[in-house]
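K.L.:
For reference, the chains in residue letters:
Protein chains: 2
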Amino acid sequence: MTDDLPSSEPPASRTPPAVAVVDAQSPGNVGTIARAMKNFGFEDLLLVDPPELDPDGEAYGFAGHAREDVLPNADEISFDYLVENYHTIGCTAVTNEDDNSHMRFPYSTPADLADRLPTVEAPTALVFGRERVGLTNEELARIDEICSIPANADYPVLNLGQAATITLYELRSLTLDETQLPDLERVRAPEPTVDRLYDQWGALLEELNHPDEKQDKTMRMVRRVFGRADVTEREANTLLGVLRRATERPAENSDSV
Amino acid sequence: MTDDLPSSEPPASRTPPAVAVVDAQSPGNVGTIARAMKNFGFEDLLLVDPPELDPDGEAYGFAGHAREDVLPNADEISFDYLVENYHTIGCTAVTNEDDNSHMRFPYSTPADLADRLPTVEAPTALVFGRERVGLTNEELARIDEICSIPANADYPVLNLGQAATITLYELRSLTLDETQLPDLERVRAPEPTVDRLYDQWGALLEELNHPDEKQDKTMRMVRRVFGRADVTEREANTLLGVLRRATERPAENSDSV
Numbered sequence: 001m002t003d004d005l006p007s008s009e010p011p012a013s014r015t016p017p018a019v020a021v022v023d024a025q026s027p028g029n030v031g032t033i034a035r036a037m038k039n040f041g042f043e044d045l046l047l048v049d050p051p052e053l054d055p056d057g058e059a060y061g062f063a064g065h066a067r068e069d070v071l072p073n074a075d076e077i078s079f080d081y082l083v084e085n086y087h088t089i090g091c092t093a094v095t096n097e098d099d100n101s102h103m104r105f106p107y108s109t110p111a112d113l114a115d116r117l118p119t120v121e122a123p124t125a126l127v128f129g130r131e132r133v134g135l136t137n138e139e140l141a142r143i144d145e146i147c148s149i150p151a152n153a154d155y156p157v158l159n160l161g162q163a164a165t166i167t168l169y170e171l172r173s174l175t176l177d178e179t180q181l182p183d184l185e186r187v188r189a190p191e192p193t194v195d196r197l198y199d200q201w202g203a204l205l206e207e208l209n210h211p212d213e214k215q216d217k218t219m220r221m222v223r224r225v226f227g228r229a230d231v232t233e234r235e236a237n238t239l240l241g242v243l244r245r246a247t248e249r250p251a252e253n254s255d256s257v
Numbered sequence: 001m002t003d004d005l006p007s008s009e010p011p012a013s014r015t016p017p018a019v020a021v022v023d024a025q026s027p028g029n030v031g032t033i034a035r036a037m038k039n040f041g042f043e044d045l046l047l048v049d050p051p052e053l054d055p056d057g058e059a060y061g062f063a064g065h066a067r068e069d070v071l072p073n074a075d076e077i078s079f080d081y082l083v084e085n086y087h088t089i090g091c092t093a094v095t096n097e098d099d100n101s102h103m104r105f106p107y108s109t110p111a112d113l114a115d116r117l118p119t120v121e122a123p124t125a126l127v128f129g130r131e132r133v134g135l136t137n138e139e140l141a142r143i144d145e146i147c148s149i150p151a152n153a154d155y156p157v158l159n160l161g162q163a164a165t166i167t168l169y170e171l172r173s174l175t176l177d178e179t180q181l182p183d184l185e186r187v188r189a190p191e192p193t194v195d196r197l198y199d200q201w202g203a204l205l206e207e208l209n210h211p212d213e214k215q216d217k218t219m220r221m222v223r224r225v226f227g228r229a230d231v232t233e234r235e236a237n238t239l240l241g242v243l244r245r246a247t248e249r250p251a252e253n254s255d256s257v
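One line per chain: the protein sequences are S and L, in this order. Residue numbering for the first sequence follows the UniProt record's numbering, beginning at 1 and increasing consecutively. Residue numbering for the second sequence follows the UniProt record's numbering, beginning at 1 and increasing consecutively.
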């Protein structure tokens, strides 16, 4: 945390959105938001009227690895500075029903923003309000657009940390070139391997004297099961080995002594 | 919370997935998960080796309105009961790189599950592990499939409550027929209204003696700005009124005294 004005100018174009938290009461929520930022590749945390963030307290306790960078590098700014220097997107669970009031309407969902923001170059901030009441109408009136997370009509009000987590998750395409997950499509078994697996099933059924009239139907079932499962090459080869041994095992009567 | 076995049988087909939390250490995380369940329409919370959930403690404090139903109705069950009675989907940040090990591979993302689960009828449970280490390899070995949230390759490990929140958000289509958000498409302004808005811009430009050679280009700009903004009928009518007054106002020299 630095002093009242950020040490640097607002970010250049094409920087991922900053995350601004206005008047949070709970240090734990600030830490939770910092962790979500780190999990989804966001770096610039802006704090308006934050609670005290004790390095031994809940903010750092909840921040995970973000305690090393996102949280200590956060900038404390004023709400005026925020709205004057950023395109601001205010997050709220409560929208207006229609355009009789423009305070909370129209809105975008986080998924809508993920589609649209990559086409705009400008310093942008996602703005989250205090616990319980969120952003006030007075604050929302100064904000450029509204974002709302679709949720249960009977209880759409999310906890502050959870709302920020979902929003940052949805916007990860703005920040992450790749995730921790390996590409699955590369490892689906090649068709010749899958065909050998089906052939071996056929050989096993024959060896088991499966009734001729049921053979085709059972083979279609086999094909459907393994087709749906998108078996990997190793899975297919392991199954193939097991089926081959089952097919080639000595008949029962030569086993029994 | 009831005694060791659930009061009811596993749910009938087409019930939304249950949410199972294994060996959570922090009551606050159980409360956070219960709140996310209520926010996204899930009802059945299954707890394996839970911490004590004091009605005056963090579990109830973090649960929001879920303190009224999801949390007090939670069933305490054994891990054996869980894997024997449900199709289990284990959530973990750490997957294997390929099919050399089947412990954490292949995986589905929450978005993949949202596509696939509606086509399957069977009692299903989303299973989340304890803080820090998640589900153990021994537990994952007994679980039917793996789910992983795409995140920052440098720091993909989410907090337990945040991981559950994102997963339930992604699976909301299984539970919610409608959200709190009104349908936006119904309120985009009708084209005749938008055309009147453009005509009024044209009239204003003419009244302002906008150079003839720039008129077409400026009108295309106007059309692009309002076209992109998907203005609502009320927005269009308000703008139309303002522009009409600007167009029809007395010329400047008749104003000045």
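Since the hints were derived computationally from the structure, they do not count as laboratory data. Idealized CB from N, CA, C, for every residue including glycine. Don't take each hint at face value.
Derived Cβ-Cβ restraints for the label pairs, each shown as a range [stated by the list, open to error]: (1) S/T119 x L/S78: 22 to 32 Å; (2) L/D98 x S/S173: 33 to 43 Å; (3) L/D195 x S/G227: 45 to 55 Å; (4) L/A153 x S/P250: 46 to 56 Å.
K.L.:
Let me make sure I understand: some of the numbered hints might not hold for this structure. Which ones are they, in numerical order?
P.N.:
1, 2
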